[in-house]
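**Student:** Can you make the complete structure from the sequences, with help from the hints?
Residue numbers (the working numbering), protein chains in the order written: chain W, -13 to 308; chain H, 3 to 373.
Source of the hints: derived by calculation from the structure; they are not laboratory data.
Heads up, none of these hints are tricks.
Per label pair, the in silico range of CB-to-CB distance:
{"#": "1", "chain 1": "H", "residue 1": "Lys217", "chain 2": "W", "residue 2": "Leu278", "range": "15 to 23 angstroms"}
{"#": "2", "chain 1": "W", "residue 1": "Leu195", "chain 2": "H", "residue 2": "Gly107", "range": "48 to 56 angstroms"}
{"#": "3", "chain 1": "H", "residue 1": "Asp286", "chain 2": "W", "residue 2": "Gly285", "range": "37 to 45 angstroms"}
{"#": "4", "chain 1": "H", "residue 1": "Asp207", "chain 2": "W", "residue 2": "Arg(-1)", "range": "49 to 57 angstroms"}
Examples of chain W residues toward chain H, derived with CB under 10 angstroms:
{"#": "5", "residue": "Asn17"}
{"#": "6", "residue": "Ser22"}
{"#": "7", "residue": "Asn25"}
{"#": "8", "residue": "Arg28"}
{"#": "9", "residue": "Thr230"}
{"#": "10", "residue": "Pro279"}
We put the beta carbon where it would ideally sit given N, CA and C, even for glycine.
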Amino acid sequence: MPNLSFRGGDLQRWAPLLVLVALVVFFSMVNPNFFSLKNFARIGISATPPLMIAVGATFIIIMGSIDLSMEGAVAVCAVVFASIFMALGGTLGGWGWLALPACLLVGAACGLVTGAVHVGLRIPSFMASLSMGFVGIGLSLMMTGGDRIRVEDPLFRSLLTQRFLGFPLMVHVAFVVLLFAWFIQSKTTLGRNFYAVGGGEDLAHASGLNVRRVRIAGFALAGVFYAFGALFAVAQLGIAETATGYNFMFVSITSIVVGGTALWGGSGGVWNTLVGVLIVNVINNGMIVMGLPRYVQDGVLGLLVIIAVVLSTDRKSLAFVK
Amino acid sequence: MSFIKDFIEKETLSRRNFMLASAFGLTGAAAASIVGTGRAQAAGAIEDPTIAWSYRDRTNPYWNSIVSGGESFVESLGKPKSALVHLINEGSSEKSLADVKALLGKTDGKLALAIDTNDSPNARPVVEAVVAKGAYVSTIWNKTDDLHPWDFGDNYVSHMSWSDVGPAEQTATILFKAMNGKGSIVGLGGIASNNPAIERRKGLDNALKNFPDIKLLDYQAADWDTQKANSIMSSYLTRFGDEITGVFCANDTMAYGVLEALRAEGLAGQIPVVAYDGNAQAVDLVIAGELLATVYTNPHWGGGITAALAYYAATGAFKPSEEPHEHREFNGPTILISKADAEDFKKKYIDATPTYDWKDFWGPSNGPITY
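**Tutor:** Structure below.
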């Protein structure tokens, strides 16, 4: 029955989106205020920084590796951006704009180092990236001495304060970056190599692919997206500090998995991640809109993650789960 | 099988004897140190003790000021900043205790320690470890109610805390008056089990009793975190919309998140917000009119004076056991900052860090701790 199995796979493919729609319908029924452009804009704002970070980490997870360095990388990017930005006049109108590309370069450099440590020293990506994350937190702490840098340039903050079609500019910019990520994923050799490595590294290697180089490039690319996340996080709160990076590890990895990208690599993609990030943020927003107490919220989030993973990943073909 | 029975009986007996003996040993040692005939070091004449501060984490502006106070005390002794040893517990009581023990070993008890033990139960093992080595310790914030410096002779020098109930009640009252005594507020609290989070919530509740026309719509823990406070505030706006006419935040860092959530909707400065801690940015926001009030607890002074107390007790400059109880357990200063006095406050405390006399141990303090 090829037809039926095709449909089964199709359902699995669309499961995250269905979960998202179901959640929106559910929360709207509980509190009609939920279903409003204003609230979607609010969800959009809180989803933007984690979306960028999760998109970066998606490439790593497609390769079958994992990257846990995002908190350190985001902290370093945010602090370096704010320091350069303030040193160059503190406004996008002047030379301050140079801080934007500098931030992206720093992100790429962070990722490059993580990737090099992972591949060069043959340390599992889990350990290498976790350690580099700690290094990043320490580095940003050293740069700021624990202080926070305030970025109040109205031009830069217009990412948050100016709206177009009801959504702040940062949401639109993030969408453009997401399209760019999709382009890399589906239209470039590098993007397809990620899938090749994640789907079967031995096979990819045997076909003449320089797996080590692909891995390092993947981490550097992820770093660029972490830098975007850092920029949006600073735009959102007007503050750059070590704590800018906090909380992103859990949110981004959860979102990726909930969106249907399997942790064992080779499947999923940036659109899955978009849906996953939206699911997590809709849940967070919806639970407060419903008025659930905090201790219930954590439990509900955990359960929903399990349900989403059950619905959206194909686990039948797995010989074992570790 | 009687030999087994014999063996067990013998073991129980010797165990009991051992416990009795050790219990006597402890109280005996404590009694001895109270009458001042303890170890030689208890007399307080350690020449040039190592000075250490043990705290959670430097990224938080509050702890950052605490430690900067410790550094400026060290500098007042003519030493470089780096002479202050930092023990960072990262929110772990186990790490806090282990670090203290390691440093006690390294310095062989020649140590003046200022510490927040991370949680209340951890204060006793820390103090006992310090006392056993003849070193000196001053604590802030966390200790259990049955643990008192005067029960340990000179070596447990002092404990400072801040009572947040009163000041939180004051900020809430300022908020309610700005709302003309009627309307609805939302609240954002700290980590639910933290003492200051509990006390500040209690202050809010007290103030609510005096204003029957003010309704508390919801109060959620945002864990002192700017980002979490930001997303909770935007969700509040969806849930309650225009109903919200005031916001109570249990600290400044959460208020920043709240203000940005309001700014995103073009509401900054339109809904009154009160906060707590008196960080530099919060004071600027009070001056700008975006924040209604905050409370300054002078962490810089608190961090410096706690280290100074331990240090001068260790060098023998003063003898803690000769001081009255209110000099051993006292409340830190609290200064309410609202629009009227924010400019003056900024000039005095933020633009120029006041130079403190680190030998004036109790000048700025705020009365004894009552239980």
